[in-house]
Structures are given as C-alpha cells and as structure tokens.
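Colleague: Starting from the known structure of chain W, fit chain E onto it as the hints suggest.
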Amino acid sequence: MSLAPLAGAAAQAAPLVDPGTLLSTGGAVDGLQTAARVLAEGIGKAAVYFTIAVGLTLVFGLMGVLNFAHGAVAMVGAYLGGLVLVLFVGANTGTLATILVFFVALALVFAVTTAAGSAMEVALIRPIYDRTPTYQILLTFGVSLIIEEVARIVLTLRGIQPNPQWQAPMGTAPDVLLGRTELLGVGVRRLYLFEVAIGALVAVAVWAFLTKTLYGLYIRAGSEDTEMVQALGIDVRQAFTVVFGVGTGLAAVGGVLLMWDPIWGPSVLLSIDVLLYAFVVVIIGGLGSFTGTLVAAGIVGIADSVTTWLFTTGIVTFPGLSEVTIFLLLVVMLIIRPQGLYGVEEVGGH
Amino acid sequence: MAISDPDSGADADAPAGDTDAPAVETDAPVDEADPIPPSTATGGLREYLRDHAVHAAVIVGFVLYPLAYEALLATPAAPFAEAFLPAITFMVVVLYMGLFAMSFDFISGYTGYLSFGHAAFYGTGAYFVVLAANGQIPGVPGGTPFMITLLLGAVVAGLLALVIGSVSFRLTGVYFAMITLGFAQVIYELIRSWGYVSTNPTEGATVSGDALAIGVPFVDALSLDVGRLTGESVENLLGLGIDLSTTVVSYYALGIVVVVCYFAMQRILHSPFGRVMIAIRENEERARAVGYPTYRFKLAAFAISGFFGAIAGGVFAAYSRSVAPDGTFYFLVTADALITTIIGGFGTLAGPVFGTLFTQGLEDVLSTESGGVATLLREGLPESVLQADLFGISLELFVNTAVDGRAPLYLGIIFVLFVLFVPNGILGTLRDRLGGTVGKRLPDHLRRYLR
Chain W
-14 MSLAPLAGAA AQAAPLVDPG TLLSTGGAVD GLQTAARVLA EGIGKAAVYF
36 TIAVGLTLVF GLMGVLNFAH GAVAMVGAYL GGLVLVLFVG ANTGTLATIL
86 VFFVALALVF AVTTAAGSAM EVALIRPIYD RTPTYQILLT FGVSLIIEEV
136 ARIVLTLRGI QPNPQWQAPM GTAPDVLLGR TELLGVGVRR LYLFEVAIGA
186 LVAVAVWAFL TKTLYGLYIR AGSEDTEMVQ ALGIDVRQAF TVVFGVGTGL
236 AAVGGVLLMW DPIWGPSVLL SIDVLLYAFV VVIIGGLGSF TGTLVAAGIV
286 GIADSVTTWL FTTGIVTFPG LSEVTIFLLL VVMLIIRPQG LYGVEEVGGH
Chain E
529 MAISDPDSGA DADAPAGDTD APAVETDAPV DEADPIPPST ATGGLREYLR
579 DHAVHAAVIV GFVLYPLAYE ALLATPAAPF AEAFLPAITF MVVVLYMGLF
629 AMSFDFISGY TGYLSFGHAA FYGTGAYFVV LAANGQIPGV PGGTPFMITL
679 LLGAVVAGLL ALVIGSVSFR LTGVYFAMIT LGFAQVIYEL IRSWGYVSTN
729 PTEGATVSGD ALAIGVPFVD ALSLDVGRLT GESVENLLGL GIDLSTTVVS
779 YYALGIVVVV CYFAMQRILH SPFGRVMIAI RENEERARAV GYPTYRFKLA
829 AFAISGFFGA IAGGVFAAYS RSVAPDGTFY FLVTADALIT TIIGGFGTLA
879 GPVFGTLFTQ GLEDVLSTES GGVATLLREG LPESVLQADL FGISLELFVN
929 TAVDGRAPLY LGIIFVLFVL FVPNGILGTL RDRLGGTVGK RLPDHLRRYL
979 R
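Same order as they appear, the protein sequences are chains W and E.
Just so you know, we're using my numbering here: the first sequence kicks off at -14 and counts up by one.
Just so you know, we're using my numbering here: the second sequence kicks off at 529 and counts up by one.
Just so you know, the hints here were simulated from the structure itself, not pulled from any lab data.
On the chain E side, residues computed to face chain W include the following (Cβ under 7 Å): (1) Val702; (2) Tyr703; (3) Met706; (4) Ile707; (5) Arg720; (6) Ser721; (7) Thr929; (8) Leu937; (9) Gly940; (10) Ile941.
Each residue gets a CB set at the ideal place from its N, CA and C atoms; glycine is no exception.
Chain W with its partners taken away, still in its complex shape (with noise of 0.2 Å):
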C-alpha cells in the first residue's frame, strides 16, 4: 500500500481521531486508562447510534414497516435543530442559554415532525398496509427521494451548499462542551458526556412511552400479535398513526443531537449515512426489540471507538476498518443469528 492515500485518509478521518488517544499511546502505554478512553467514547458513540435508530426500531415493532425515510427525517431534524439556534445563539449568549435552546430545538423539532410523520402515515403508508413489505419499502424511499432533493433547494436558495457540513450551527456548540473531563483517570470529550446525556433521556422516555402509556401497551402488544390486539377492540389503525409520528420525531431528535458533533453534523449526505447505520443497530438488536437496540447500540459504538482507536494508533492501516466492521457485524449476525439478539423470530420474516 502507498502512503499517499494512506495520508489522504488519515487527513479525511481526522475528525475523528483524538488526539489524546495518540499522546497516550505514543508515552508509556497505560493499558489501562486506554481501554477506560476508548470505553467511555464508545459509549459515546453507542449513544448517538441508539438516538438515530430507536425510532426505527419503534415502528418496525409494531407495524411492520421498514421506513426508508428514517436517515431523510432524521437529516431534516439536524437541519431545523442547526436553523433554531443559529436563530436565537448569538456570540454572547451563555452556556446555560444555548443548552437550553438546544432543548427548545428538541423539542420543537420533535412536534413538527412527529406532526409530519403522522400526515405521512394517513395519507401514504395507509393505502398500502395491504401490500407485501416490500411496497412499504419503495414508498418510504421514494419519499426520502424526494425529502433530500427538497432539502437541496431550499438549502440552495438559502445560499448554504447541501453537501459539506452546515458549519454555522455546529460552531453554536457552547466552548464547554468542546473541552475534557477527567473521568476516573481519563480525558474524556464532554460532547460524548453530553450525548449520553441525550441518549439516555431518550432511552429513558422511550421506555416510559412504551412501558407507561397506553399506546406503549398496544406497542407491545402489537409487536406480539397485531390480530389479536385487534380482536380486543384496539383501534390498531390510530396507534399506527401515532406509533409512525413518534418514530419519525425521534429520527428528528436522532439529527438534532448529530447537529453538534462533528463526525456527522448538518449535511443531506446525513440522510443516507443515518440510515445505514441506523439498520445496522436495528437489526443487530432484533427488529423491533426496544432492549435489542439498546445493547446493539453499545455494541456498535464500542466496535467503532475500538476500530477507530485501531486505526488511529497505526496499529491497522486500513483507513476503512471502522465501518467494514460495523457492516460486518451486520452480515455476521444476520448469518448466525438473523433475528437478531433480541428479536422475535416470526417479525419481518416474510
């Protein structure tokens, strides 16, 4: 191999690296406190996996539906998250302000598109419950088609360009967040403390949805056996509505908390990224298991932090290690364990 591209590619995943993990390793290698490093990023990043794929999860569970659309909404979330506070974060605005408009953006974002998501389910996905999955498929793809292509106009009438990153809401992220902790001996990056924050709210509001709510209980049920819940008298059609909207709002919320951290950050080449990596998790986890996605979600995150590390310390030179893993972790799975860790085996069969 070459070193040009080598350079190339470590230029590209620069990003990425962290330049503590270098320092650490280039002195007298403390196996340990690297491995705690390496750890906490993980969990890190096993956050941000869980947030963009938990909504995905949500709606395969009960209905059936593979949403195509996920990475699209999800895209669209980082977008209106980035416009909310480059609206209202000026250059003096406090810390304290700017993470509470980012809730503000959360939240706002979460209503508008589970609104949308909700429409969508009425007007498009209802007509063709009726047809195999894969007409489900081929819908909500068309429709993140046409989601991406209206995101580049209105992205390019706004004079930003669609593909690199919206940097001007990602420089909204408060200095703090920018800065390290010390954490039982080690440096770690407060933006992944922040977004295990942010993970596990949503982790913990997902659970209380599906575990305290009504619909939550139709959810489970649902996922169990959809006949039978309806032979109860559940009106299965008005908890797919709202199923389908939280799932697309929590895509949104997904995109909202990609918006700060710069190895994803404002870009409609987001849409396709959060899909794949969201299928990923989802299906490592057990389409449609909550509990599923959840461990999916550490595992990925600490397969990529570990790869990345790999990477970084030169001890693999190949630049694509990271996400040839994680793909592989998919294939593998699929092959010893298709429905996944968690997942019932009857669902998403046929």
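Modeller: Just chain E now, with coordinates in the frame of chain W:
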C-alpha cells in the same frame, strides 16, 4: 383490488403462460405432419420473426433513434428536440443502466428476493474491466481484449453471487434485503480504502491504456472502440452520407451487448428453470414440496443475475473509462435500478429498460447538459418575465434551483405515485391491459383495430 395485490406480478405473467398454448396450436397446421416444429429454415425463421415482431420493432426504434435525433437537430424544431428528447449520451446510460436494472429484476422480480446489494456485482464487473485493462489483475495480461475481460469479470461476479447467496438465501424478506445490502456495503468500504486499486481509492481508478473495444476479440474489423473521447467515429457510413460520432458508435456497440444479454436472460426466464423461479416467488414452500431444490435454484438464479449485472458494470466502465466506488458499489446504484425497475414494471425483464428510458429522459429534460427545459425557458422567455418576483425569489432563480438538474425530486414524486397507483409499472400495467405479454398480444389487438 387486484392491481395492488402483491401477486399481481403473477397476474401479468400467468396470461403469458396461458397464451403459450394457442401459440403452439397455430404452429401445428403450419408445420404439417412433421413432428419437429421448424421443418424448414425459412418457415422457422418466419415463425421466429412473427413471435418477436415487437422485440424487433423496439430494437429498430433504438437503432434509428440517434439518426432521427440528429436529423431533428437540423430542423427548425431543434430547440424543442434538444429540450425534450434524450441526447445520445443519455441513451448510452439507458443501455448500461437498463441492463443493470434488468439483471436486478431477473433476481428480485422473478424470485421475489430483493437484492439490495446488487451494486456489488455491477461494481465487480466495472472494477474488473478497469483493473484488467491496467494489467492489475494477476493472470490477466494487460493487452487482453475487452470482451474477454468483460466475461471474466462477469464470471467473478457470478462466483461472488454464489458466495453471498450461499449464506443470504437462508433468509427471506427484509432480512435477505438487509444481508445483501450489508455485503455490498462491506465491499464498498473495502474498495474505497484499498490502495491497490489506485493511489486515491476513494476516487476510484481510470483506464490508462487504449480504448476498449466491443466485438470479436483479435479481429479489428469486427470490433468497435467505445468511449466518448477514445471511441471510434464513422464517417459516411456505407456511402450513405451518414456520419456517426464516437458517442453514437459507442451507443450501438453497447446496444449489441445489451440485446444479447436481454435475449439470454429472456431465454432463461422462459425455460423450465425460469418457471421454477416464478414458482419460488409465488409459493416457495409448495415449489419445494413439489420436489424442486429451491435453494439451488435461487443460488443459480442469483449467480446468473450477478453475471449480467457485472456485464452492465463492465460496459459502463469501458464507455466511461473510469470507475469510482460511489458510482459502482454504493447503495444508491442499487437504488437507481430499484426505481427504474418499479417504474418500468417489476418482474417483466424488459420493463426496467423502459423505466430507465423514462428516468433518463426526465433527467435529460431537466438538465442543461443538452438543451433541457431550463435552457429553453431561459432563452425563450423575455427578461422581464425571468426577473418577475415570486415570493421574494425571481423566476430565473427559481428555474435555476427548482428545475435545472432537479430530476431526482420529480423522479421521487413520480416514483411514489407509481408505488401508490401503478404498482405494476409501465410494462406490467400494459400486460395487464393486453392480457399477456406485449409481443404475444399486441399483434392480435392491432389486427382487431385494423380489420
């Protein structure tokens, strides 16, 4: 609703199967008592031509199109022809993407297994051809004729399909789609970072040597160099005063490959093997119960599909002379085939070509590369209209951003409408209307109207 029924693909085909019977009956009186149907060479040929009248008409249409297009450009209607008819460069894309979509339809439309990683085979064919041309494939010397490397690449892709299929066909439905997608993404990421391909693997590789030729290997007179810049051009064809540009020559050369591949796939689908593929789509358990080893049939069908997918990738690489991971191995390449297949007709084989023609036509109309609506509007409308204000945006800006190069948007909308209202696609719906394949039913319908 019969149309929205998932089995409706079968409806489109079932009558086709039924119409086989009358066709055979009409054979009998023509061929007297001879038990072997093609009693004389001319009789067999006439029979063959009658059966393939629609095929022939479509091929003649494709052959005449460049000449008609060039002729139109010399008339006063030129601006409109440029704006609304696909340029030859787009027609070349129709050929190789149409072939790729057909190979996708071959497995997905006929066995019902959605091959979401089909780009892996397209990419394998494309990369094999380019690397072989650069002498980077061990055992394949640099000067090996393109036709041979094309076939070798296709065989490699077929073997790759066997490997991927051997584990993937244990799964069904969404899981099959996901595992094939997973495989393709793994290969995509590997190729993207594989320094052996070129010094900058994310950008792909380029053919450094001579033009690649389609035709009979080692016979210069019977082969045509392809490529927009490196291809052959023909002046004063057969003394008819017709000049053919490099693009048009490439179009014909690629067209020959596509026609051969189409008839090969069509032959396979109409053989007992193809009937088993349809049986697997309709009811795999029953097919197995009847005694067909469905797993092996699926694997073989997947390998054949991968083979032809790689041919599509190979001719694309020969024409464009460069390959990039994003244009070959990426998920969106499969998505293109999926879109055109749905628009053209799922499980119709020829449909994807018409779907590609439709999407490429749209792309041409909405791009400014060769005329296009945007150019027509910009040049045709007076300045005052162009600067007119629409919600704070001038019409010109609107045309620039919402029309120019915006084919994917309208394609998305049309695609969604097709999924909702025309799930059988163009050709599938046409077959439903005619009650059989177009080739078999259209002559009868025409006769009825002409009588």
